[in-house]
Amino acid sequence: MGCQAILTGSYEMMKMQNKVDITPYLLISAAAAILFVLTIYPLIYSLALSFHKFSIARPGVPWRFVGVKNYAKVFTDPVFWRIILNTLIFSCSTVGLQFVIGFGLALLFSREVQIRGEGVLRSALILPMMVPPILVGLIWLFMYKKDFGIINNILWMLNVEPVTWLSKPFIAFLAIIAAETWEWTPFMFLLLLAGLRSLPSDIYESSEVDGASTWQIFRYVTVPLLKPIIAVALIIRFMDAFRIFDMIFQLTGGGPGVATETISLYIYRNGFRYFDMGFAAALSYIALIIIVLFTNLYIRVLRRAT
Amino acid sequence: MRKWMFLIVGVLVLACCGQGLAAEKPYAGQELRISFITGMPTDVALKSVIPEFEKETGMKATIIDTFYGEVLTKNMVDLYAGTGAYDVLHVESIWFAQYLPYLYPLDEFMEDPRLFDAAEYDMDDFAAFSPLTLSVFSREGKLYGFPHMAGVPLNWYRKDLLKKAGLKPPQDLDEYYNHAKKLTQDTDGDGKIDIYGIALSGARSGLVDEWLSFFFSFGGGLHARPELFLRTTFNNSVGLKTVEYYKKLYDEVAPPESLTWEFGEVGSAMQRGVVAMMWNWTCGGRWYDDPETSTVVGKVGANTFYPARFGLNALSIPADGPKKEASFEFIKWAMSKDIVRKTTIAGGPNPARASVVNDPELTKKYWWFPALRHAATRWARMYLEIPEWSAIDDALAIEFQKVCSGEISPEKALEVASNNAYEILEEAGYFKE
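Protein sequences appear in the order of chains C and H. According to the numbering used here, the stretch in the first sequence is residues 3 to 308, in order. According to the numbering used here, the stretch in the second sequence is residues 4 to 436, in order.
Note that these hints are calculated values from the structure, not bench results. For each residue, glycine too, the CB sits at the ideal point set by N, CA and C. Be aware that a few hints might be false.
Heads up, simulated DSS-like pairs for lysine-lysine below, C-alpha to C-alpha not over 30 Å straight-line [claimed, not checked]:
id, chain 1, residue 1, chain 2, residue 2
1, C, K148, H, K184
2, H, K77, H, K335
3, H, K435, C, K71
4, H, K335, H, K58
Using C-beta positions, here's what the derived DEER-type ranges look like [to be verified]:
id, chain 1, residue 1, chain 2, residue 2, range
5, H, R228, C, R245, 37 to 47 Å
6, C, P80, H, L225, 52 to 62 Å
7, H, K415, C, A126, 16 to 26 Å
8, C, L299, H, K63, 30 to 40 Å
9, H, P54, C, A196, 51 to 61 Å
10, H, G61, C, A196, 57 to 67 Å
11, H, I198, C, D248, 28 to 38 Å
12, H, E230, C, D79, 16 to 26 Å
13, C, R245, H, K171, 46 to 56 Å
14, H, P116, C, F144, 53 to 63 Å
15, C, G98, H, K171, 50 to 60 Å
16, H, K145, C, D79, 31 to 41 Å
17, C, S112, H, K50, 52 to 62 Å
For reference, chain C alone in the conformation it holds in the complex (with noise of 0.2 Å):
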């Protein structure tokens, strides 16, 4: 009797285990249901679209199944890669500048030694940030006019020639890599100032009893605490400059040529300007599938240099 009043026990005690409970499904079932509506259906119905032969100023054609015609249309054609090395190089430099630029002002910035105006400073460098990338497109092409941009009457007044700034392949090329440096540097500051303040201060101190120079602190201890913000400022950094748009659109619309198109652009004239969606939707996932694999790569060689 006793032994079956504990196996009966135990037997409810498990059904009442095993009885799922759905509470916790209801309360994220709204947050999903959005993120299905406006990632995942988005996701699976280009993916879809891009297997497809479709134009909306076709509208009375329905979509016609191409399998990978136009995922092989992207690459066999010329523009593609030359685009895609744009992209890469756009991004790279980029980032690159912005990383230097950033953390030698972020070093400055986190020094024991107050800069006087120290918040003021702050606040105006990271203004550039809080623009739209559209204005700032429109604020650099004022800037880079010719006749009447302020930075060829600044080459003028220290008789300098001015420059054609967006007319020339290689220099709006150039000019484009310094608005997108100027707009974003703030951002690559901030991070790092933000990893440089939370660094423990007692290393430092042990250090400096053992007799590190600034150099060795810098590069034995400051790197490699720092690394894991480092990587992530870059990762971010890097996609966002891989879908740079705006900026480019503003400046040269991709020109002269294709000099500076970047995969972005090249995306939107394929997609809004000739209207051929399946080709554009291969593109984007093309482009997606390029920042998945570099980002998976410099996350493996960051894990083995730690």
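Starting from the structure of chain C, add chain H where the hints point.
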């Protein structure tokens, strides 16, 4: 009893008045959402006159302004999604083929005597402006838009600079180049060119229109039927001559910055007095005489000597628009003789009605009207009116920009551009038997 009688009669009288008012303003209270192009002078001028329409009809007109570079994308996305976001669209002729599946033909309203009096409206007035004015927005005998603005690129020139150099306005492309060469000068002796002979519309969005003017001028041809397009349509001796001519203009007589300019920047260069001549659209005609923004007031003239695209724009009704009759009322009002005249007086520089363009009073203020009339009847033409034209335009512009920036040779540019254009048409199925 008498009180009740008076009350009933009063209510009946009020009801009848209400009915009468409703009959006069059958669309009163409706709101029309109208898509215009930001800064387009004729749209700006029409907006200033719209309160008259609102007062007459009791409707409310909400203008949705979109930049020229974005309006096609924005409109097409909304039209495809069937959002019903617009009741009236401002449609550019080069994009008409892309808009066409989403537009509603106007014939149904024009054949309704309740809505349209053909004799009074005088549709021949549009055709008298140019034979193309009504045909551009027609398909299979149906009209899809009332002509809203009709511009043709002209050669704008500085009268004072030409006179000083002892030159008359150029009459062909050889004179165009030779004049430009003479007029490119360092006026203050500091070793830098202060005035360039011409401004080029070298930006990707403007280059091909200008290039094609020169191509047609040199004898080049482009068949209206896309299935007759060949890889050699542009890639021939005339095409090569045109590319080399364009490069020569860019290298020798145009500001280096021209590769990033389209019609706004080109017009601004004329306003600032840094160029002596330019190929540019008539919709900027009033800019040069605006004392607030122009340094060359009264110094600019215009003539025409080359074929050019007929820059016709129309007001159209989207097929998914919920208030088609009311939309037609607006379009009919906006394109009536009286309102086109008022819009022109308010600053619209390129009306599509012959009677307005030929008006001697208006010609005093809009001195380029004779050149515009001549260009519209003699030189205006259209290209391939197909959805793929944007892609072909880009295919040409990209390669020609590379020639100007020194990246590739004219021969290579023509070969690549022509092959790309052909492949675009091939993929679209125009060459299938």
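Comparing the hints with the structure gives:
1. C:K148 / H:K184: 21 Å, holds
2. H:K77 / H:K335: Distance of about 25 Å is within 30 Å: holds.
3. H:K435 / C:K71: 19 Å, holds
4. H:K335 / H:K58: Given pair H:K335, H:K58 holds - Cα atoms ~16 Å apart, limit 30 Å.
5. H:R228 / C:R245: 37 to 47 Å: 41 Å, holds
6. C:P80 / H:L225: 52 to 62 Å: Roughly 26 Å apart at Cβ, these two residues miss the hinted range, so it is violated.
7. H:K415 / C:A126: 16 to 26 Å: Distance hint for H:K415, C:A126 is violated at roughly 49 Å.
8. C:L299 / H:K63: 30 to 40 Å: Given about 57 Å between the Cβ atoms, the range is violated.
9. H:P54 / C:A196: 51 to 61 Å: The hinted range 51 to 61 Å holds for H:P54 and C:A196, with Cβ atoms some 55 Å apart.
10. H:G61 / C:A196: 57 to 67 Å: 60 Å, holds
11. H:I198 / C:D248: 28 to 38 Å: Holds: the Cβ-Cβ distance is about 35 Å, inside 28 to 38 Å.
12. H:E230 / C:D79: 16 to 26 Å: With a Cβ separation near 24 Å, H:E230 and C:D79 satisfy 16 to 26 Å, so the hint holds.
13. C:R245 / H:K171: 46 to 56 Å: 54 Å, holds
14. H:P116 / C:F144: 53 to 63 Å: Holds, at about 55 Å.
15. C:G98 / H:K171: 50 to 60 Å: At 57 Å between Cβs, range holds.
16. H:K145 / C:D79: 31 to 41 Å: 38 Å, holds
17. C:S112 / H:K50: 52 to 62 Å: Since the Cβ atoms of C:S112 and H:K50 sit about 55 Å apart, the hinted range of 52 to 62 Å holds.
In the structure shown, a violation is registered for the earlier hints numbered 6, 7, 8, in ascending order.
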